Amino acid sequence: QKEVEQDPGPLSVPEGAIVSLNCTYSNSAFQYFMWYRQYSRKGPELLMYTYSSGNKEDGRFTAQVDKSSKYISLFIRDSQPSDSATYLCAMSGRSGGYQKVTFGIGTKLQVIP
Amino acid sequence: DAMVIQNPRYQVTQFGKPVTLSCSQTLNHNVMYWYQQKSSQAPKLLFHYYDKDFNNEADTPDNFQSRRPNTSFCFLDIRSPGLGDAAMYLCATSRVRETGNQPQHFGDGTRLSIL
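Line order of the protein sequences matches chains A and B. Heads up, the first sequence is in the numbering used here, so the first residue is 1 and it goes up one at a time. Heads up, the second sequence is in the numbering used here, so the first residue is 1 and it goes up one at a time.
No lab work stands behind these hints: they were computed from the structure. Note that the coordinates shown come from a computational prediction; the quantities given were computed from them, not determined experimentally. There's no promise every hint is true.
What follows is a set of in silico ranges between Cβ atoms, one per label pair, in the way DEER data are often shown [unchecked claim]:
| hint | chain 1 | residue 1 | chain 2 | residue 2 | range |
| --- | --- | --- | --- | --- | --- |
| 1 | B | Ser72 | A | Ser68 | 36 to 44 Å |
| 2 | A | Asp66 | B | Thr20 | 41 to 49 Å |
| 3 | B | Asp53 | A | Leu46 | 35 to 43 Å |
By construction, the Cβ of each residue, glycine as well, lies at the ideal position given by its N, Cα and C atoms.
In isolation and in its complexed conformation, chain B is listed as follows (with noise of 0.2 Å):
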C-alpha cells in the first residue's frame, strides 16, 4: 500500500543533543508537510516543501530546520532540542495541482522525548 512512513515511532534524545526525525513516502506526492502536536492540541505546521521549494512558517523556531533530498524522502533537524521540543511530530504529503489541493495524509508520528 502506498503510504507516509515515519522513522523512528520513538526517539529520546538530550537536552541540546541534536535529533533527525525521517519521512518517505510512496505516493509521489510533490509536498511534504512538518507538524508539531502536543497533547490535546491541534497539529501546528512547521514549514513545507512545495517540490524544491522550501516554506518556513513565520513562527518556526530557528532550532528547526529541514531536508529533502529527493521526492520521496523529508527529514526534519532539531538542532539544539528543548524540553519544550517534546511533543509528536507529523509528516503528512499531498499532491497540489492547479485545478486544486488534494487532501494530506499524514504518517503515524515520532514521539520525541527529552532528557
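Only chain A is shown next, with the shape it has when bound in the complex (with noise of 0.2 Å):
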C-alpha cells in the first residue's frame, strides 16, 4: 500500500462547478498537508498548506484535513478554465528539524468552458 493514494483522474467538470479533490493516507504521523498545482510544463505552485485537522480557506480553495479518517480534500468554487491543472497533495510528519515530503501522484483536472 502506498503511503499517499490519489485517484489521477482525469477529471472532467463544466465551468462553474464545485471540484472535489481528494487523498487517503496512512501513516499517522503526517502533521502538515499541502496541495500544489501544477500546470503542463511547468512546476508544482503552492496552494494551500495546513497543519492537522480542521478547514482552511483562500479565496476559491477550501482545504480539509480529516486526521481521524487520513483523508484530506480540496474544493474549488465556480472553477474555471484557468483552473486545468494537475492537483498533488503533499504531506510530511512531525514538527521538528527535516522531514521528508510524500506527494500523491496527482489529479488532472480538466474546466470545459
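Using the supplied hints, reconstruct the complex from the two chains, each of which is provided in its own coordinate frame.
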C-alpha cells in the first residue's frame, strides 16, 4: 500500500462547478498537508498549506483535513478553465527539523468552458 | 519577486554525455531539493541539502551528483545520462526550523531529453 493514494483522473467538469479533489494516507505521523497545482510543463505551485485537522479557506479554494479518517480534500468553487491543471497533494511528518515530503501522484483536472 | 529559478528550461544531451542543471533561489531558504518527475508520476526526491549537509536518497543512482557552492545555488550533475533519465528535473527550496517545516517552493523545472 502506498503511503499516499490519489486518483489520477482525469476529472472533467463544466465551468462554474464545485470540484472536489481527495487524497488518503496511511502514515498517522503526517501533520503538515499541502496542495500544489501543476500546469503542463511547469513546476508545482503551492496552493494551500495546513497543519493538523480542520478547514482552511483561501478565495475559491478550501482545504480540509480529517486526521481521524486519514483523508484530505481540496474544494474549488466556481471552477474556471484556468483551473485546468494537475493537483498534487503532499504531506510530511512531525514538527522540528527536516522531514521528507510525500507526494500523491496528482489528479488531472479539466474545466470545460 | 523572490523565487526559485532553474536553467535551462529545456536541455538536450546525447546518451552518455555529462550534463549539469542549475538552480538558484532568492528566498534565502536553508534547504534545497532535487526531484525527478516523469510523465503522470509524483515527483521523486533524489537528494537534498540541509545547509551544507548533503543527504542522498537510498535509491538515487550513483550517476546523479549534486553540488551546493553557496546558499543561493545548487547544481545537479548527471555523469552518464541514459535513456531512462529523460524527465523533468525540479528544484525546490524550503525553510526548516526547529519549530517545524515550511512548505517547499518549486522552480519551473528543466525538461531533459536524451538522444
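These are the hints, each one checked on the structure:
A beta carbon spacing of about 42 Å between B:Ser72 and A:Ser68 agrees with the range 36 to 44 Å that was offered as a hint. Remark: the range hint 41 to 49 Å for A:Asp66 to B:Thr20 is upheld by a beta-carbon distance near 44 Å. Remark: the range hint 35 to 43 Å for B:Asp53 to A:Leu46 is contradicted by a beta-carbon distance near 24 Å.
Of the hints listed earlier, the one the structure fails to meet is number 3.
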